[in-house]
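Participant: Now for the letters of each chain:
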Amino acid sequence: MSNNNVNMIDIIKSKFGDKVQIQMGLLGAAAITASNGLHREILKAMIAADGKTGITAITGLDLGATIGVYYHVHTSNVFVTIKTEVPKENPKIQTIVDIHPGAVFHELEVADLLGVVFEGHPTPGHFVLSENWPQGVFPLRKDVKANEVKMVPTPSSEENKNLENSRLVKIIIGPQHPALLEPEKFAVTVDGETVTNVEPRIGYVHRGIEKATETRTYLQDVYLVERICGICNACHAYGFVGAVEKIMKLDVPPRAKYLRVIALELNRLHSHLLTLGHAGLEIGYESVFQYFWRDREPIMDLVELTSGNRVYGSLMTVGGVRRDIKDTDMPKIRSILKDLRGKLPFYRQIYENEPTLKLRMKDVGVLSRDDAIKLSVVGPVARGSGVDIDVRKDDPHEAYGEIPFKEIVYSSGDVWARMNVRMDEVEESINIIDYALDHMPSGPFRIDVPRSVPVGEAIHRLEAPRGELFYYVRSNGTDMPDRVKVRTPTFANIPSFLKSAIGESIADVPANFVSLDPCFSCTDR
Amino acid sequence: MTDTKTWARVKSPWVLHFNSGACNGCDIEIVALLTPKYDVERFGVKLEPSPRHADVLLVTGCVTQQCAERLKSIYDQMPQPKFVVAIGACACSGGVFEGNYNVVGGVDKVIPVTAYIPGCPPRPEAILDGVVKLLNALNPPKPKKQPKQEKPKEIAKPEVVAQSAQPGS
Chain D
1 MSNNNVNMID
11 IIKSKFGDKV
21 QIQMGLLGAA
31 AITASNGLHR
41 EILKAMIAAD
51 GKTGITAITG
61 LDLGATIGVY
71 YHVHTSNVFV
81 TIKTEVPKEN
91 PKIQTIVDIH
101 PGAVFHELEV
111 ADLLGVVFEG
121 HPTPGHFVLS
131 ENWPQGVFPL
141 RKDVKANEVK
151 MVPTPSSEEN
161 KNLENSRLVK
171 IIIGPQHPAL
181 LEPEKFAVTV
191 DGETVTNVEP
201 RIGYVHRGIE
211 KATETRTYLQ
221 DVYLVERICG
231 ICNACHAYGF
241 VGAVEKIMKL
251 DVPPRAKYLR
261 VIALELNRLH
271 SHLLTLGHAG
281 LEIGYESVFQ
291 YFWRDREPIM
301 DLVELTSGNR
311 VYGSLMTVGG
321 VRRDIKDTDM
331 PKIRSILKDL
341 RGKLPFYRQI
351 YENEPTLKLR
361 MKDVGVLSRD
371 DAIKLSVVGP
381 VARGSGVDID
391 VRKDDPHEAY
401 GEIPFKEIVY
411 SSGDVWARMN
421 VRMDEVEESI
431 NIIDYALDHM
441 PSGPFRIDVP
451 RSVPVGEAIH
461 RLEAPRGELF
471 YYVRSNGTDM
481 PDRVKVRTPT
491 FANIPSFLKS
501 AIGESIADVP
511 ANFVSLDPCF
521 SCTDR
Chain G
1 MTDTKTWARV
11 KSPWVLHFNS
21 GACNGCDIEI
31 VALLTPKYDV
41 ERFGVKLEPS
51 PRHADVLLVT
61 GCVTQQCAER
71 LKSIYDQMPQ
81 PKFVVAIGAC
91 ACSGGVFEGN
101 YNVVGGVDKV
111 IPVTAYIPGC
121 PPRPEAILDG
131 VVKLLNALNP
141 PKPKKQPKQE
151 KPKEIAKPEV
161 VAQSAQPGS
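Chains D and G, in that order, give the protein sequences. For the first sequence, counting from 1, position 139 maps to 139 in the working numbering; every step adds exactly one. For the second sequence, counting from 1, position 153 maps to 153 in the working numbering; every step adds exactly one.
Heads up, some of the hints might be wrong.
Claimed, not checked - In silico DSSO-like links for lysine-lysine, alpha-carbon gap of 27 Å or less:
hint: 1; chain 1: D; residue 1: Lys185; chain 2: G; residue 2: Lys46
hint: 2; chain 1: D; residue 1: Lys332; chain 2: D; residue 2: Lys343
hint: 3; chain 1: G; residue 1: Lys37; chain 2: D; residue 2: Lys332
hint: 4; chain 1: D; residue 1: Lys393; chain 2: D; residue 2: Lys249
hint: 5; chain 1: D; residue 1: Lys185; chain 2: G; residue 2: Lys11
hint: 6; chain 1: G; residue 1: Lys72; chain 2: D; residue 2: Lys150
hint: 7; chain 1: G; residue 1: Lys109; chain 2: D; residue 2: Lys343
hint: 8; chain 1: G; residue 1: Lys109; chain 2: G; residue 2: Lys5
hint: 9; chain 1: D; residue 1: Lys332; chain 2: D; residue 2: Lys52
hint: 10; chain 1: D; residue 1: Lys326; chain 2: D; residue 2: Lys362
hint: 11; chain 1: G; residue 1: Lys109; chain 2: D; residue 2: Lys145
If you're looking for bench data, these hints aren't it; they were derived computationally from the structure. Note that the coordinates shown come from a computational prediction; the quantities given were computed from them, not determined experimentally.
Isolated chain D (complex conformation) (with noise of 0.2 Å):
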């Protein structure tokens, strides 16, 4: 991997010289401070020397005179952030979509919430804040205080207007829907029964979150990025608390970073046996649901056993977890896991060989490598596409280096794939947890940190139930962070949709949809 590092980087150097600075161990590999314009070339150079390049996540932050535009991006085998600066009365900054176009979500969302303009990418509307936001009014700049925005009314929708004297019908997905559990908008244009274009319309879960970090203090910032997501909440948790503590340069005691995974892992399992269930219920196929369902049942009492909730187990917190597993509960956790591996050949058993279930899944959602790389996939989305990424192995967190487990990788790219990954992500899981209370050193399990946090700034990636996590965190010195950035995986995981919908019957929608596991808590923050 070190090799490799270098590699990346001098081709940088050797390309660019001295138009760039480069910062190393800073922001993932290397920080690349860069001019407007600059960015593009770097980015064209690094995908022309790894095929596998994307876009992690932009951040956008406001740096007093200037606004900061940092993008994060990843290879196969090395992470670097791109800095760049704009100045705040002209913010105006050259668009990478023409290059990359995963990127597109993350520059509107930077355009919504900073009000930077992508020269190239138009931008119009709002893309997260609702439509009675007033306008130029940029939430994530420093002056901008959160309750202090008035509200103006809401302009009429012209969204259904445009297609009269056509044969294309619109049919509106959303805010409201028996297929959602969430309120998000999909606008699906169709030509009799077929898919011509997908808009979506995220935000309805926009909690502010980003900004409300800003004001409380580390310590109730890790109960508050928890709440991001109801499902994957010790991912959130731990996603933040690793970002303060690489800032702090903590180093975690070894219990804690085994019982990190174990909570890590048991979100994992909850999640994906939640998405295998909802998938079934998507194509008709309750029974599937209730099943899956009355299995996970026992892993919540899992999670209350180790953490104390059954959703929110506080268990992250900054310098190792809140509390211990008891010897006497280990027999407990080992047998309700058994039970579930037990359960395993049956499911999937149902997944290969029922006709129903491979009627709905196989060949329907397809999507290629390519695209899959070229719209910076993650999860097991990207691995149902023949994609090898897993934060787990690219850049071990915690423990997991030393956990043998088996990277899950489908070619097939179908909504079939993306759920036998998780099927076999579910076993794998299993073997994880039992290998991590197998191997769990003596010792303490947190240490004491002071509350405030020095100067600096860092990334944290990890891999949640849905794909890769992104944190990044700047601190001022003070007890309460500068600028928290999330980016969730299902954020890059949708752009997928937009695309492998296209083509398809309008009947397909669901499951394909479902197959992404779609988290819009997350993805709105």
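Add chain G to chain D, keeping to what the hints say.
Facilitator: For chain G alone, kept in the frame of chain D given last:
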């Protein structure tokens, strides 16, 4: 006739779930209620996709600016008499998101609420308890024979109907 209506309402309340900006915690617990372990259908509770057929609206979430208008329009589409249950700390008061720029905070700022079920998220048992208490409130034990009160106004007084059991941590 009134008796029959009340009987039908209490024995098979159709509920509509609306997420007004929740984190999925409460929503997943509501779905968990429908699955074999808790099986709320044994009380005749059925999850109904359309507001026009629903008796009870279960609202989760802190009500974001975008959802406030939709929440009102969904409530308006429901037939009378209708009841609203606010599930979770966010739906009750805004919870941890109170004061954020895109958050209205609390379902009762937009529509009248019949019952509040606090908790982050409330356990399925707590939601079940809340629903059962709401149903009992519709059909109170009556000492004397008299016509039943069926207007929602009579029971619209907000009260906490269930306490979420949060084991110590």
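Participant: Find the hints from earlier in the document that the structure breaks and name them by number, from lowest to highest.
Facilitator: Of the numbered hints, 5, 7, 8, 9, 10 do not hold.
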